[in-house]
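J.: Take a look at the letters that make up each chain.
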Amino acid sequence: MKIIDIIEQFDSNTINTSEKKTRRETLSLFGDITKKMALTAIPGALLAAIPSVSKAAGNGPAAIVDVLNFALTLEYLEASYYNQGIASGVIAGADLAIFNQISQHEDAHVTLLQNTITSLGGTPVNSPIFDFTAGGNFTPFVVYAQFLALSQAFEDTGVRAYKGQAGALMANNDVLTAALQIHSVEARHASEVRRLRTKNGLDTVKGWVTGSSRGTLPAATQAIYDGDDILVQATVNIAGINGVGNDAATEAFDEPLTQAQVLAIADLFIV
Amino acid sequence: MELLEKDLKKMGRLSFLKYSGLAVASSAIIMQSSCKKDDDNTEGINLGSGDTGILNYAYALEQLEAAFYTQVMASPYSGITAAESQILSDLQKHEVAHREFFKAALGGNAIVSLEVDFSMIDFTSRTSVLNTAKAFEDLGVSAYNGAGKLLVSSDYLLLAGKIVSVEARHAAAIRDLISPNTASFAGNDVVDTQGLDGAKTPAEVLGIAGTYLKSKINASNLPTS
Numbered sequence: 001m002k003i004i005d006i007i008e009q010f011d012s013n014t015i016n017t018s019e020k021k022t023r024r025e026t027l028s029l030f031g032d033i034t035k036k037m038a039l040t041a042i043p044g045a046l047l048a049a050i051p052s053v054s055k056a057a058g059n060g061p062a063a064i065v066d067v068l069n070f071a072l073t074l075e076y077l078e079a080s081y082y083n084q085g086i087a088s089g090v091i092a093g094a095d096l097a098i099f100n101q102i103s104q105h106e107d108a109h110v111t112l113l114q115n116t117i118t119s120l121g122g123t124p125v126n127s128p129i130f131d132f133t134a135g136g137n138f139t140p141f142v143v144y145a146q147f148l149a150l151s152q153a154f155e156d157t158g159v160r161a162y163k164g165q166a167g168a169l170m171a172n173n174d175v176l177t178a179a180l181q182i183h184s185v186e187a188r189h190a191s192e193v194r195r196l197r198t199k200n201g202l203d204t205v206k207g208w209v210t211g212s213s214r215g216t217l218p219a220a221t222q223a224i225y226d227g228d229d230i231l232v233q234a235t236v237n238i239a240g241i242n243g244v245g246n247d248a249a250t251e252a253f254d255e256p257l258t259q260a261q262v263l264a265i266a267d268l269f270i271v
Numbered sequence: 272m273e274l275l276e277k278d279l280k281k282m283g284r285l286s287f288l289k290y291s292g293l294a295v296a297s298s299a300i301i302m303q304s305s306c307k308k309d310d311d312n313t314e315g316i317n318l319g320s321g322d323t324g325i326l327n328y329a330y331a332l333e334q335l336e337a338a339f340y341t342q343v344m345a346s347p348y349s350g351i352t353a354a355e356s357q358i359l360s361d362l363q364k365h366e367v368a369h370r371e372f373f374k375a376a377l378g379g380n381a382i383v384s385l386e387v388d389f390s391m392i393d394f395t396s397r398t399s400v401l402n403t404a405k406a407f408e409d410l411g412v413s414a415y416n417g418a419g420k421l422l423v424s425s426d427y428l429l430l431a432g433k434i435v436s437v438e439a440r441h442a443a444a445i446r447d448l449i450s451p452n453t454a455s456f457a458g459n460d461v462v463d464t465q466g467l468d469g470a471k472t473p474a475e476v477l478g479i480a481g482t483y484l485k486s487k488i489n490a491s492n493l494p495t496s
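For the record, the sequence lines run as chains X and Y.
Under my numbering, the first sequence has 241 at position 241, and the numbering climbs by one with no breaks.
Take any residue in the second sequence, count from 1 to its spot, add 271: that is its number in my numbering.
Excised from the complex, chain Y in its bound form (with noise of 0.2 angstroms):
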């Protein structure tokens, strides 16, 4: 694992971030209103510039997906089986990893808590609670692709590498319990003619993740190419 040692060295170099002491993680995410930050140009929360901004894009999705597991986890839809839980709560482990893991990389460039909007969601059904989770999974898979040519750091691409395998593993569970044995966990619907899985622009993205967030996210200072 030279490579590793060798990126978490130049990692632990890098004086732009500053990893802060891991903030211990509240059970219950935290949900506050938008508080704006002074931004430079409109308003909303602003992710920032260059890597810092790609970072916090980041942890915005990973925010959503954590909050969104802690909810379903929190109050499990009737019949859910243990095989489905066992799933669910190992995805609720995993993104509140990445979520924190951004949070305390980012140290004091983090944007803040964002504020969901979950109404569209019935937490009581499984084919919406599951649908949801598949929506979320695919969508983490396309804006991670989307979003490596926009990091700088090799250091940071590799970060992200190792997280969006990890989303893409979700999203094939995902959606195998919704419909099993089938081509469905890599499908037509989302993996192209050429063998290739979706990438998405943030723009896009925060298009779609916009839906389930009250906070308005402002990602007008993020690289485009």
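Isolated chain X, as found in the complex (with noise of 0.2 angstroms):
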């Protein structure tokens, strides 16, 4: 019942508002998104932003300086979203305090990744362009609740980016404490984001990732939430420990996503 208010809402406040959509070609055009990421194997504008990016993969300074630049990609589509989100106007006045917090660590987790970048001797990725509407299908920073619903998307999403790369800097101490550093702040934001929303009556979820669910959000997020629900760790069975179960198995551990998922994901938001 959820999903069919957030959508009708959705739908309501499209940008085509003057060609009122039915609810069946509302989840045809969720649809049409979902299938655009199922057909983009190699993501276009991310790619351009990211040239290296398809390099073959090796733990040098080269190989942790694209990683940080996919990073900074996803960092600039947050703190611009948040930027964006604040001047807006959109956000509830009692969350203020939550979503300023949450865009200063982005803006500052821009700053540190390029600063990062240079020292190592790269060049930062120039921001891309960003279309939070994902081409009118979305109106973040009209309606809150699908700002709301975006923010613990990209939130989510992030906490699994930076997982995926973890192994990926280990050659650079420092780099990776940071980056870590970075990865659990994400994981904060998307807590409180969650449960932001749960508390509104958005959802039901929790702040963290139970099985698969992407909960109320729209059908073209479920990738971000696909293979979360993973019930054996290291062949531990962590389903079957008593009083542990399958929910609080899959809570307990959160899963990566590859660079090439994330920007699957993150290039329904690039123009």
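Hints are computed from structural coordinates only; laboratory data are not their basis.
A few of these clues could be false.
As the list claims (entries may be wrong) - With a straight-line Cα cutoff of 27 angstroms, these simulated DSS-like cross-link-like pairs (lysine-lysine) come out:
| id | chain 1 | residue 1 | chain 2 | residue 2 |
| --- | --- | --- | --- | --- |
| 1 | Y | 487 | Y | 420 |
| 2 | X | 206 | Y | 420 |
| 3 | Y | 487 | Y | 471 |
| 4 | Y | 485 | Y | 471 |
| 5 | X | 199 | Y | 405 |
Computed from a prediction, not measured in an experiment: that's the story for all the values here.
Once you've looked at the hints, go ahead and assemble the two chains, each given alone in its own frame, into the complex.
T.: So this is what it looks like as structure tokens:
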């Protein structure tokens, strides 16, 4: 029921309000996005933004710079999103302290990554141009529920993205530690936004991800949660531990995403 | 998830850690006095060296957290709300999952069950329980963040990464229970001006965790870089 509510909300506030879409049409619109994600094996806009992302993996300085430019692209996305969100006035006054804090962190991450890339002899990528309406499908700077939904989507993606890159940074302890320190900040953000959505009656999600559930987020975000429902870790059956069970087993371990998986998600919002 | 599958396959080949069959956790944490292993240097429970030592270090912290939440749920503070009870119950399950994971993964290399000292915690007080939870979760986050670089195996680094973000999710939730709808969930007391969360060395972490442990931990063989 909640999903339909959200979709109707998205629908009634879509940019093409003159053409009121039926629920079926709206659902197929989300379906199209999902299809686009599935078919986009190599997200063009992002590959252009990150020229060396497709190079063979290594763990020398160049490989580390590549990973940091990947991270920087995600931070550009988040920083831009929160700066626009705060400027738009869409955020409820009672929640501004939360989003001001998140916004400051994302801005700081952009600066830190740019400086780190430069100090390693690399060149920070430029920010892509973002379209947070994803081609007119969302209005996050008009409808607060949508702003919160995309915020959760970006934070949960960020957690999985950094996690997936940790191994590629092992050759540089300082960079690895900094990446881990960013990673846990993204997780704090994700937890807060998830719980805020539930407190506002928009969802029933907890601060942690249960199974591969996206809750009431649109279907287009499912790739952010796919594969997070693992019950066995390194041959240990977590779900079988006395008192744990399936839900807690999946909540207790966050899973990584590959660069390609993350870029396919982010590409929805890149012009 | 091909990265993960590859990592897990590699993990399966690692020989120096034998995965024993999963020991079923009893409902109450086993608290035994520190049976002294025959250490080659000093007294206390020796965590060991290399990646094994770091995993035992994580196992020790997870034992502490699991014991704490188990006691919280066994005797909830008065006035606990349904929402608070749900969160604390989840945290208990997650920390038990982490504890039993490390115990099973370490197999014969696992340290013994630790004896905790919660005498300074007032389990009847919401303030005392939540502030302790906040301290433990923030400590866990900074411990994993600081230990990542000490691991040699990328498989273990990934596993630590899977756990630390959950600890950070916990920390934010507990902080929000204490100071709802403020910046506290990722407050300036834990996240610096560069947007970085804490990262502490094992020595720093164990210095704090030791306050809550009767068992003496010997971390002298842990890697330091």
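J.: Indicate, hint by hint, whether the structure satisfies it.
T.: Hint check results:
no.	hint	result
1	487/Y <-> 420/Y	25 angstroms, holds
2	206/X <-> 420/Y	30 angstroms, violated
3	487/Y <-> 471/Y	19 angstroms, holds
4	485/Y <-> 471/Y	22 angstroms, holds
5	199/X <-> 405/Y	21 angstroms, holds
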